[in-house]
Amino acid sequence: MDTVDAYRRYLLGMHRFAVDYECATGALPRRSAWLAGDLAALSLPPLPAEGRCVPVAGHAARLGWHYVMAGSSLGARRLLRDARRLGFGPGRGADFLARHAEGGDWDALLAQLREQEAGDDARRAGAVAGARDAFALVYTCFERDFDRIPMPLPEDCR
Amino acid sequence: MNPELERALQACASEPIHLSGAIQPHGYLVSCRLPDWTITNVSANVEELTGAAPEAMLRRSLREFITDDVIQAIAETIGFSDPGAPAQRAAVANIGPSAKLCEVSVHAAEGLVHIEIEPHVHGAGDRSPTLVAQAMIARIAQGLDEAGFHERVAEQVRKLTGYDRVMVYRFRHDDSGEVVAESREPDMPSYLGLRYPASDIPPQARRLYLHSRIRVIPDARYRPVPILPDRNPGGGPLDLSQLSLRSVSPVHLEYLANMGVAASMSISIVAGGRLWGLIACHHRTPRPVPAGIRAAADLFGLFVSMRVAAREQQEAARLEEEARGVRDTLAQRLSAASDPRLALPAELELLQRAVPADGVVLLQSGHWHAAGRCPPPERMPDLLAWLRRAATPGAPVATDRCDDWSPGREAAGGVAGVLALPLDPARDEWLLFFRREQVEEVRWAGRPDQPMELGDDGQRLGPRRSFEAWTETVRGTSAPWSDADLRIASRLGLALREFHQRGGGQAEARELRGRRNPLDVRGHRERLLRLSELLDSLVHVDPDTASALAERIAQLEDELRQLITSGDAVAE
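Order-wise, the sequence lines are chains P and S. Per the numbering used here, the first sequence starts with residue 196, numbered consecutively. Per the numbering used here, the second sequence starts with residue 431, numbered consecutively.
Don't read these hints as lab results, they were simulated from the structure. Model, not experiment: these values are computed from the prediction. Glycine included, every Cβ here is placed at the ideal spot set by N, Cα and C. Among the hints, erroneous ones may be present.
[To be verified] If you anchor each label on the Cβ, the simulated ranges turn out as follows:
hint	chain 1	residue 1	chain 2	residue 2	range
1	S	515	P	245	48 to 58 Å
2	S	441	P	324	29 to 39 Å
3	P	297	S	564	21 to 31 Å
4	P	339	S	815	43 to 53 Å
5	S	478	P	297	43 to 53 Å
6	P	245	S	902	36 to 46 Å
Take the sequences, apply the hints, and build the full model.
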């Protein structure tokens, strides 16, 4: 990620994913709230919701969804470095990356997964299906048409 | 039109503007589910108001954040409004840990109660909106012609809002818009008389404006605030149609910026279930419009809508009255004639008064009978060729462009619009009304063929940046035929066909029979006319019902015709 434009796209796609992830898993809107703050800091209107987003049934499937979100916190560490190079940071349009990278989501999730390992095959299959659904959603969120994102005036960027 | 431009216009026309998922930052949104007031959605900025982060508010009860008296006021207001109706002011109250004085308005949609909270703006707007609107209405209530009325409307709204420019914008038949009245600061450029292409206010925006009557953008350079989450309890996108804080399309903000507008407000004018136009307000610097002023503007807008609708109805009634007079006279004269077909050419002057037109031509038995301003008779084959292309059985056909039926503008003899009534299309028998060509100097606000253009990056299409008046000379068109014109013509067509088909050649036998029972026929005709009036009240039926209806009517026509022919056989 080496342009401001790429960072904008990342925020828009990630915000869309976070909102729908929270709706699907029933998680409290922490991540989407951080992302909303970053979008506002960059004067970006969010990508409108599409389709229907229904709660995911089953603990195992939800775990699959959490796996995808928690996994993205690993990537966030690297993205945070990129964002800093572009002039963003905590309080300057990159609250989400800062908090997401530093959170202990991944370790907590690994612990939960280890518990799951002791479970049966059906539960494992449920978790895999949940993760696949979440990945599919990530994909559509980042494949959206960004053409009509207005380029904010320079003073709005920082 | 180049494909990229077309794609951009298409994207604009399909943008779900009511699902923007965000609000403007001059207020806060809290949405709840009844009966327990569980908070389901909040705007991301809500912490400024309540001191509680979104995650600390969602799924909790509103009672933890707002006092019972305010909730009571909200509940009462919701009780009086229908779901899907525009937001209503519910209270002015101190809210949050710092007891900020706020305006609270509410509406219900998708099973949720949407509560919009805006910090109270002191000063203007403290007077009762009803009294303010009443005073404004008194100043436009009487003694003004149409142009004067719209001018006064613009003045009144400018006085109320203090905006730099207030325009009355009217949609034309082709959905382009025209500024028909304006009140402005002397140093603001005038937009009076300018025309705007239909794509400036795309179809979904026009639909939205039918139901949400007033929209305000106090600062067009605002940073949108996302709603958490932007989904309804069913998982679908949250519908923000009636939210006064709704964040608008980024393309629209760019459009305003290109126009040099920093704040805008618009009030819908709705007449006969159709978006007639807008009262559009512009300001060069950000300018808040307090809820009280908005409420007054809303009431005033409702009155303006009613006046516009009443004026349109009066005009339609006048036309209808005149047309009815013509129909009655015509029916009398044709009934008295021994052969209505032969009598018809003598009645052209009368027919011309039935539909507002400059000329009329009767095509009957291969003859061209003309009155008033008409094309030369040599156009007959061209007109018949057009009718064969365009006609749908039994219905009038109309165009306002001479290109449709004439090989050239010169050949059309100064007329452009045609409204054709089928008498007996199988035998090329028609009644044609003509309207003369109006060479019009249209002043567009920017080039209408380039409503969107490439941005500086050379990549993205955005709204045009120049709104300089751009003059286009429009030739080859007439004043358009209105729905009322078509309605009147259809009825005249029904009446005429009845006579026309009776005069097929055995006029005498029919006349004998006609003398035998004229009273019966007149009674039946009365009933049929009443039926046709009934049809008028059915203008809004769905397509399925309409086609079923058309089928039944065709059947009835057939049966009547068969009766007449078999009646002939008996009489002979």
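Per the hint of 48 to 58 Å, is the separation of the Cβ atoms of residue 515 of chain S and residue 245 of chain P within bounds? With Cβ atoms ~27 Å apart, the hint is violated.
Assessment of proposed distance window 21 to 31 Å (beta carbons of residue 297 of chain P, residue 564 of chain S): Cβ of residue 297 of chain P to Cβ of residue 564 of chain S: about 60 Å, so the range 21 to 31 Å is violated.
Is the hinted range of 43 to 53 Å satisfied by the C-beta distance from residue 478 of chain S to residue 297 of chain P? Violated, at about 25 Å.
Verdict for residue 245 of chain P, residue 902 of chain S (Cβ pair) under range 36 to 46 Å: holds, 39 Å
Quick check on a hinted range of 43 to 53 Å for residue 339 of chain P and residue 815 of chain S, using CB atoms only. Because 50 Å falls inside the window, the suggested range holds.
Quick one: are residue 441 of chain S and residue 324 of chain P within 29 to 39 Å, going by C-beta? holds, 35 Å
Going through the hint list in order, the structure does not satisfy hints 1, 3 and 5.
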